[in-house]
Amino acid sequence: MTGPDHVAPIEARVAAIEAILVEKGLLDTAKLDEIVQHFEEDLGPRNGAKVVARAWVDPEYRQRLLAAATAAIAELGFGGPEGDHMVVVENTPAVHNLVVCTLCSCYPWPTLGLPPKWYKAPAYRSRAVREPRLLLAEMGTVITDDVEIRVWDSSAEVRYLVLPQRPAGTEGLSEEALAVLVTRDSMIGVERQLTT
Amino acid sequence: MTGPDHVAPIEARVAAIEAILVEKGLLDTAKLDEIVQHFEEDLGPRNGAKVVARAWVDPEYRQRLLAAATAAIAELGFGGPEGDHMVVVENTPAVHNLVVCTLCSCYPWPTLGLPPKWYKAPAYRSRAVREPRLLLAEMGTVITDDVEIRVWDSSAEVRYLVLPQRPAGTEGLSEEALAVLVTRDSMIGVERQLTT
Amino acid sequence: MDGVHDLGGIAGFGPVEWTPDEPYFSEEWERRAFRLGLGGTGIAGANGGMFRHSAERMDPAQYLDSPYYEHWLTGVTTLLVEAGVVTAEEIEERAGGPFPLSRPDRGRPTDTPTDDRTEARFGVGDRVRVRKWHPLGHTRAPRYVQGREGVVVRVDGAANVPDAEAHGGGFVKNPIYSVRFASRELWGEGGSDGEAVHVDLWECYLEEDA
Amino acid sequence: MDGVHDLGGIAGFGPVEWTPDEPYFSEEWERRAFRLGLGGTGIAGANGGMFRHSAERMDPAQYLDSPYYEHWLTGVTTLLVEAGVVTAEEIEERAGGPFPLSRPDRGRPTDTPTDDRTEARFGVGDRVRVRKWHPLGHTRAPRYVQGREGVVVRVDGAANVPDAEAHGGGFVKNPIYSVRFASRELWGEGGSDGEAVHVDLWECYLEEDA
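Protein chains in written order, with our numbering: chain E, 27 to 222; chain U, 27 to 222; chain V, 261 to 470; chain R, 261 to 470.
Only chain E is shown next, with the shape it has when bound in the complex (with noise of 0.2 angstroms):
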């Protein structure tokens, strides 16, 4: 079998292929920068915390969310790649909802940014649509045997974003206070009672 040990490090094999294309002049590194920079400031869970807590102080939103997530989420400027056909699955006392990608690794990235580590790896992916009780048990977050584990298994074009439930006592808060709340976590589904 072909050992790690024998093959090129993994920085000697990306600099070479890059730097073949780089030389054959077929791949602009300046112009995907642009577009690498845009993802990593630009992107992100506070974005989809934006559109969370839009969701909780305006009612409308949450509807026009539920119903057409995309159109609702671009009203607040977030869409493009792995964006443009989302969902929004709402937790309720009697559902919590679990969004994973078995087979490699969609995740919203206009709301949520560049999906984590632990996301991409078998463990998360293998264990989500067979134990997600257990699963989330181990990750901290105890979902009692009355509420429904729904999982979403983002196999297709459609990016899900979980909305969580607003926190109790949060009635005084502000749109902007009430965003900071919002956790990556929760709108994934790993995470189900936020707090103040």
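Hints in this document: simulated from the structure, not taken from any laboratory. The beta carbon of each residue, even a glycine, is placed where N, CA and C say it ideally should be. Incorrect hints may have been included.
Here are the in silico distance ranges between beta carbons for each label pair [said to hold, decoys possible]:
{"no.": "1", "chain 1": "E", "residue 1": "Asp110", "chain 2": "V", "residue 2": "Gly430", "range": "16 to 26 angstroms"}
{"no.": "2", "chain 1": "U", "residue 1": "Glu164", "chain 2": "R", "residue 2": "Arg444", "range": "40 to 50 angstroms"}
{"no.": "3", "chain 1": "R", "residue 1": "Gly305", "chain 2": "E", "residue 2": "Leu160", "range": "26 to 36 angstroms"}
{"no.": "4", "chain 1": "E", "residue 1": "Gly103", "chain 2": "V", "residue 2": "Lys433", "range": "27 to 37 angstroms"}
{"no.": "5", "chain 1": "U", "residue 1": "Glu174", "chain 2": "R", "residue 2": "Asp375", "range": "32 to 42 angstroms"}
{"no.": "6", "chain 1": "E", "residue 1": "Asp110", "chain 2": "R", "residue 2": "Pro364", "range": "39 to 49 angstroms"}
{"no.": "7", "chain 1": "R", "residue 1": "Pro364", "chain 2": "E", "residue 2": "Asp54", "range": "25 to 35 angstroms"}
{"no.": "8", "chain 1": "V", "residue 1": "Lys433", "chain 2": "R", "residue 2": "Pro364", "range": "22 to 32 angstroms"}
{"no.": "9", "chain 1": "V", "residue 1": "Thr347", "chain 2": "R", "residue 2": "Val415", "range": "55 to 65 angstroms"}
{"no.": "10", "chain 1": "R", "residue 1": "Gly454", "chain 2": "U", "residue 2": "Pro107", "range": "48 to 58 angstroms"}
Dock chains U, V and R against chain E, hints included.
Relative to the frame of chain E, chains U, V and R by itself:
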């Protein structure tokens, strides 16, 4: 992830656990060496070949072999671990048999010896039950479509031996000369036509 | 392709190695591999289905043991070699050692539609069964739902069938559904009450459940 | 356990690396690992089911990437550590570096018989269906036949149920059958005519096929 780079060399790992068990007085390597030596010297496909050759020359033995293989094989003096529940499956013009262990490495030690590496490796174990005809063709054994392929996954106690067809033109050969023609691969089923 | 990338339900991977937060790229090579993935697929004349399948074709042990962006690197470089843009010798010489590529593509655009279809045949509430066809090539129907019964819970628009796209079958539109499967339908006695899995599936993956 | 050891039908491993002949042990450490396997299981107070499962619990990437006798080494050493015969620290110190062990045992002797049964319930020609229970522990019912229909072609004697044996359920006898499955029953449209797979299954894995 645990990269193999960071792991102690396999030789050092084997030596470590062995040394500790010996020092604790738990492992008697000399006694075990006798067993291993027995496997190395006394077991192997030459045993199976004798069984096959006998079945070719002695129709009554063939019947006993197909009806109660363990006892028939014991007549020739072969038996023991991984050979005490034998079943022999017979190739015919209409049927070809192939043996695999998808879950691990089960193999008839007394008649074939310890299994070769490829028999225990993922490629053979995964493909033998899914695309046996293609797999055999890749290995040089073309089974025409009019021949049924019967795969035997030895997932319990039974260990299988394939009884290949006697090659044409061997009418004059002695049992001993016939045994020379019988290959390991023909008794696993990855070879079909034996040659003189 | 029933490969190890098709991870749903496979056991033995242990606990999730969760991190509260992390940079998108923890090492510089990851950022460069991502950039290569963005640009390289087009240079190879490949599409999204081909890109995904290029990683699925990796050696299974390498796939499971490597950091995520090594999938991108290995997949895209395989596409570039297969397209004749670069040679395996060229990249290995430059890298100063072996550069493992993915295994050959075994897929064919058979059993997938050749004509666009955008009108949905099924509606919300319809019972469907996922076809059991275990293709050797790319598909977005995970193995753990093939042959299983579920209920349509959402009808989405039509999009290109990945199985065709990945294997030279071109861009063929076909409706997509979200199908709900009870945990016990998927895992039998090993499943749980109160858990359901929803999988997004192209219409050509589905049959009416009689 | 639906682990990567359960290889039937998994795609992506490429051609068989066949050799015409080879020594039983191509390196000295293999012979020593084999010897350790023969002796070590008993020292750990373990049985055959526990031994098999100890290798199944290996990290999946390590399982697929390692030479065969590394499975024996890792499995037996895990059993010895779990039995308290040696400690992980002790072996790592002696080996001079990390010594990967298998993951914790998740199996329980549930859903398996507790009483001996030697009389066969099914006969040759009976149609049966393999239970679909996807246990987290050891079983000898491969995933690719769970839930599938077949025909009994041979009735063997009774032997200990591995699922019970491997998880503290003791030695419980149960009849064994060879069950024949059509390729298309297992792989659907991806199967082939003129191919059948026979799997040896304990009676407690089977249900009557109504």
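Hint numbers the structure violates, sorted upward? Structure breaks hints 2, 7, 8, 10.
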